[in-house]
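Chains A and B, in that order, are what the protein sequence lines are.
If you read the first sequence in UniProt numbering, its first letter stands for residue 1, the second for the next number, and so on.
If you read the second sequence in UniProt numbering, its first letter stands for residue 1, the second for the next number, and so on.
Keep in mind the hints are simulated off the structure, nothing from the lab.
Any given hint might turn out to be false.
To be verified - To give an idea of the chain B side of the interface with chain A (calculated C-beta under 10 Å), a few residues:
1) 56
2) 105
3) 278
Positions of the beta carbon are idealized from the N, C-alpha and C atoms, including for glycine.
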Amino acid sequence: MASVVSAGKKWGDSLSSRPENVGLGVMLGLGVGAVALAAQWVKGPSAMLVAIAMLAMVVGLIYTAFAGGLEARKSLAPYGLLKPGMIWLCLFFLAPLWSMVVMSLSSKAGRFDFFPDFTWNFENYRIALTKFRPQFIRSFSYAGIATLLTVVIGYPLAYFIAFRGGKYRNILLGLVVVPFFTSYLIRTLAWNNILADEGPVVSLINTLHLSGIFESLDIMQNGKLMNTPAAVIGGLTYNFLPFMVLPIYVSLEKIDVRLVDAAMDLYSSASQAFRKVVLPLSLPGLFAGSLLVFIPAAGDFVNAQFLGNPQTTMIGNSIQDQFLRQLNYPVASAMSFVLMIIITIIVLIYTKFMGTEDLA
Amino acid sequence: MNNSTSEVIHLDHVRKQYGSFTAVEDANFSIGRGEFFAMLGPSGCGKTTTLKMIAGFEQPTSGSVFLEGVNVSTVPPYKRNVNTVFQQYALFPHMSVADNIAFGPRSKKLDESEVKKRVGDMLDVVRLAEFADRRPSQLSGGQQQRVALARALVNYPSALLLDEPLAALDLKLREAMQIELKRIQREVEITFVFVTHDQGEALTMSDRIAVMSQGVVEQIGTPVDIYKKPESLFVAGFIGSANLLPSTVSQFDAAGGTVVLNGGGTVTVGRDNVASDVTWATGEEVTIMLRPEHLHVTVERPAGDALQAEVTDVVFQGSAVRLVLQLDNGTEVTAMVGGDADLPFLRPGAAVWLSWLATSPYVLDGWPDLAGATTTNLESIEAAL
Numbered sequence: 001m002a003s004v005v006s007a008g009k010k011w012g013d014s015l016s017s018r019p020e021n022v023g024l025g026v027m028l029g030l031g032v033g034a035v036a037l038a039a040q041w042v043k044g045p046s047a048m049l050v051a052i053a054m055l056a057m058v059v060g061l062i063y064t065a066f067a068g069g070l071e072a073r074k075s076l077a078p079y080g081l082l083k084p085g086m087i088w089l090c091l092f093f094l095a096p097l098w099s100m101v102v103m104s105l106s107s108k109a110g111r112f113d114f115f116p117d118f119t120w121n122f123e124n125y126r127i128a129l130t131k132f133r134p135q136f137i138r139s140f141s142y143a144g145i146a147t148l149l150t151v152v153i154g155y156p157l158a159y160f161i162a163f164r165g166g167k168y169r170n171i172l173l174g175l176v177v178v179p180f181f182t183s184y185l186i187r188t189l190a191w192n193n194i195l196a197d198e199g200p201v202v203s204l205i206n207t208l209h210l211s212g213i214f215e216s217l218d219i220m221q222n223g224k225l226m227n228t229p230a231a232v233i234g235g236l237t238y239n240f241l242p243f244m245v246l247p248i249y250v251s252l253e254k255i256d257v258r259l260v261d262a263a264m265d266l267y268s269s270a271s272q273a274f275r276k277v278v279l280p281l282s283l284p285g286l287f288a289g290s291l292l293v294f295i296p297a298a299g300d301f302v303n304a305q306f307l308g309n310p311q312t313t314m315i316g317n318s319i320q321d322q323f324l325r326q327l328n329y330p331v332a333s334a335m336s337f338v339l340m341i342i343i344t345i346i347v348l349i350y351t352k353f354m355g356t357e358d359l360a
Numbered sequence: 001m002n003n004s005t006s007e008v009i010h011l012d013h014v015r016k017q018y019g020s021f022t023a024v025e026d027a028n029f030s031i032g033r034g035e036f037f038a039m040l041g042p043s044g045c046g047k048t049t050t051l052k053m054i055a056g057f058e059q060p061t062s063g064s065v066f067l068e069g070v071n072v073s074t075v076p077p078y079k080r081n082v083n084t085v086f087q088q089y090a091l092f093p094h095m096s097v098a099d100n101i102a103f104g105p106r107s108k109k110l111d112e113s114e115v116k117k118r119v120g121d122m123l124d125v126v127r128l129a130e131f132a133d134r135r136p137s138q139l140s141g142g143q144q145q146r147v148a149l150a151r152a153l154v155n156y157p158s159a160l161l162l163d164e165p166l167a168a169l170d171l172k173l174r175e176a177m178q179i180e181l182k183r184i185q186r187e188v189e190i191t192f193v194f195v196t197h198d199q200g201e202a203l204t205m206s207d208r209i210a211v212m213s214q215g216v217v218e219q220i221g222t223p224v225d226i227y228k229k230p231e232s233l234f235v236a237g238f239i240g241s242a243n244l245l246p247s248t249v250s251q252f253d254a255a256g257g258t259v260v261l262n263g264g265g266t267v268t269v270g271r272d273n274v275a276s277d278v279t280w281a282t283g284e285e286v287t288i289m290l291r292p293e294h295l296h297v298t299v300e301r302p303a304g305d306a307l308q309a310e311v312t313d314v315v316f317q318g319s320a321v322r323l324v325l326q327l328d329n330g331t332e333v334t335a336m337v338g339g340d341a342d343l344p345f346l347r348p349g350a351a352v353w354l355s356w357l358a359t360s361p362y363v364l365d366g367w368p369d370l371a372g373a374t375t376t377n378l379e380s381i382e383a384a385l
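Pulled out of the complex, with its shape left as it was, chain A reads as follows (with noise of 0.2 Å):
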């Protein structure tokens, strides 16, 4: 037993030389057998296998770690708290988009057909940029319409609730996010009733005879703001534009006031100040707030179903209709993959002109 003990701890030593060599080792391991699992490259018996070799792996881990000494267990320590993490993004992130990688390049045998084969075949994704750009197109055009919109009220908002709130300052964030209590949907759907031909809104436009101006600007249509994509575009810029005040408000609170002093102490009026110390220090936030904003806002379905038309479906409207309507996996699996690309692309292209890494 003792002789055991000892050649644990030999090797615990000699594995601690090299923790990131072991560590990492048992972290790809373990991240390529989850990913094996929940994508089902193997099935059956040898899933058994697979199981009970992870299971060894981390066993082993831990074994070597407590049988090596204390410098083998701070060594490999870090790679033990990052396991659950890593698996859990295994199994939930990298399985499911390897298996909708694979459903984007198969081909459908009949319209029942629910395991398509893999076939390479990239006429899904054909279809998903020629025959869906009109509301690719749409849904990048409203998210950043809506993004900008945030930005022009939030922006106020977090400012004021930062720097002019005082002792309400914890009320007012407070009702900033009182919406989340309700359901994102009954929320949507209240705009219905708010912006419909018979509501309180048209009604008051109509007494002012205001609605050439709306007409005009495009805001209105046939008299209605309902079903129009200017509802499309205000119903996305209220649901999302808590995700844009929290954000800001928290890179305005951490800013000195002093600093304001100091700017004007400096020979710069109270504007210059603004645009010289207090924006470029709340960048940070006002960076994080659009990504909050514009990503989910450009996969965004619900406001589209419920304050649009069918001339203002976005891709979030046609990929849930491919997918649950027209049962076409493959081609709603390509839009989702086009989708996703196209987001990394802009924000990495965002992230290129606004980085603010060195601001944090």
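With chain A's structure known, arrange chain B on it following the hints.
Here is chain B on its own, set in the frame of chain A:
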């Protein structure tokens, strides 16, 4: 306006009121060109408010602030030719050291080549040339302090306002920065107005000091004047350490007189040992101030005025020994003797005599709230902080 060459800042009966609280009461003084001027006082005495009124962050409730002879009472800070070094420096964290310093000149829309030149010159003055591209967060406290100084001085202001600039530094660095500040001030020849609650700092650095208390300017004068000839009990107690002994006048005329200490004993005072040409009637309440370094400690009773005391504590401080003593009536006093003096009889419990030169005692009006040594009384020290 004619004397604008000698006078940079003039406060004309300035008063600042917040609701019913008076922060500054009738401040009325001038600060000369190239002067190193300190405003000294405990927190809440109105010194920072006065500084903010000069900078333009606050406006006087009544009275006027003149800068270079021009009334600027309602001019916003960015249009006043004074610059401030803030207490926590308030450096812009998103800019390099060089960009921080260039902020003022760029706001003034100076030519970029001129900006570059000025920034370079200023980096040399504060000896930070090799740190030009660093961010403030990468600098030590003392270096940040010098960046703040350079950022203000680069604008060649009429006056530089410093709000407790050394408060955030630790002792050694603070002492080094005091000397550095003096050097920089001599080099740039700009008026420095300096706010501090640290009387040692004010004595070390200033040409003149304004001592403030509860919104009132108690006394303005050179460090020597303020130390040797305080005009009020507050100034006497706040500057340096002092033994304040409440007394009653027994006789006082143009040639001087004698004063009876409340605890017993008489003190002979000359005509020069009073703040101004006052005379007191017999029986008036006065206070005798004796600085610790003026007290001589002997075992035998010396000739002339002397007080008996018992040593309660001996504190070795390196260059000096501080003695805590108790007079017969229980009043605590302190005395300083040279650290190299061989005084084996000085141990707690020893009975000694305290004496002084005839020129040492100094007479002030009224009785102090707390008799005896100002530096051993925790309450009065805490009240002053």
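Residue 105 of chain B was flagged as interface toward chain A. Is the shortest Cβ-Cβ separation under 10 Å?
This interface hint holds because 9 Å falls under the 10 Å limit.
Hinted contact residue 56 of chain B with chain A - closest CB pair below 10 Å
holds, 8 Å
Does the nearest C-beta of chain A fall within a distance shorter than 10 Å of the C-beta of residue 278 of chain B?
violated, 44 Å
Of the numbered hints listed earlier, the single one contradicted by the structure is hint 3.
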